[in-house]
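Engineer: Sequence:
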Amino acid sequence: MKFGQMYSEYLHGEKVNSFDLDKFSHVDYKSLKKVLKTCRCQNDTVSDLPRYQSCPRCDQIFFSEIVKEASGVAGCFSSRVRHLVHLHCTGGLQRCLLHLFQCFKDDQQALVEEGRMLIGYVIMNAIALKKILKKYDKVS
Numbered sequence: 002m003k004f005g006q007m008y009s010e011y012l013h014g015e016k017v018n019s020f021d022l023d024k025f026s027h028v029d030y031k032s033l034k035k036v037l038k039t040c041r042c043q044n045d046t047v048s049d050l051p052r053y054q055s056c057p058r059c060d061q062i063f064f065s066e067i068v069k070e071a072s073g074v075a076g077c078f079s080s081r082v083r084h085l086v087h088l089h090c091t092g093g094l095q096r097c098l099l100h101l102f103q104c105f106k107d108d109q110q111a112l113v114e115e116g117r118m119l120i121g122y123v124i125m126n127a128i129a130l131k132k133i134l135k136k137y138d139k140v141s
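Count along the sequence shown from 1, add 1, and you get the number used in my numbering.
By construction, these hints were calculated from the structure, which means they are not laboratory data. Owing to the predicted nature of the structure, the values given are computational and were not obtained by experimental measurement. Note that beta-carbon positions come from the ideal geometry of N, C-alpha and C, so glycine has one too. Don't take every hint at face value.
Quick list of the computed label-pair ranges, beta carbon to beta carbon [said to hold, decoys possible]: (1) 114 x 10: 14 to 24 angstroms; (2) 58 x 94: 23 to 33 angstroms; (3) 76 x 131: 16 to 26 angstroms; (4) 39 x 117: 31 to 41 angstroms; (5) 58 x 134: 46 to 56 angstroms.
Whenever a hint applies, use it, and build me the whole structure from the sequences.
Structural biologist: See the structure below:
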């Protein structure tokens, strides 16, 4: 199975509690592949570049997209981790209320599962970035 298809199935298939991966920021692998395939420098202004050099304009577009995607994933990850830490490490009256609610509902397993989902989310996005950068190396 190709990575793009596996990545798409991962994003559309994983759902735990309120953690729907399809709605969170993620590396748009398919659109980054399209950016790599369509070089906008087919005109004569940069046709004098040697074959081994990449087009500076296309590189700028590609890497600005990479930075945007990676910062979106990092922001999403850090906000979800902050949320989990807040739920786990509360103090004072909030802590007493959470312990009271845990008597009626066991959320500990749900917190552990969401933590595992976050780790999987980061790993899959890191693999997607690695794969798209490997494709960039082949193209340029």
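Engineer: Give a verdict on every hint.
Structural biologist: Do the hints match the structure? See the list:
1. 114 x 10: 14 to 24 angstroms: 20 angstroms, holds
2. 58 x 94: 23 to 33 angstroms: 57 angstroms, violated
3. 76 x 131: 16 to 26 angstroms: Given a distance of about 20 angstroms, which is inside 16 to 26 angstroms, the answer is holds.
4. 39 x 117: 31 to 41 angstroms: 37 angstroms, holds
5. 58 x 134: 46 to 56 angstroms: Between residue 58 and residue 134, where Cβ atoms are some 19 angstroms apart, the hint is violated.
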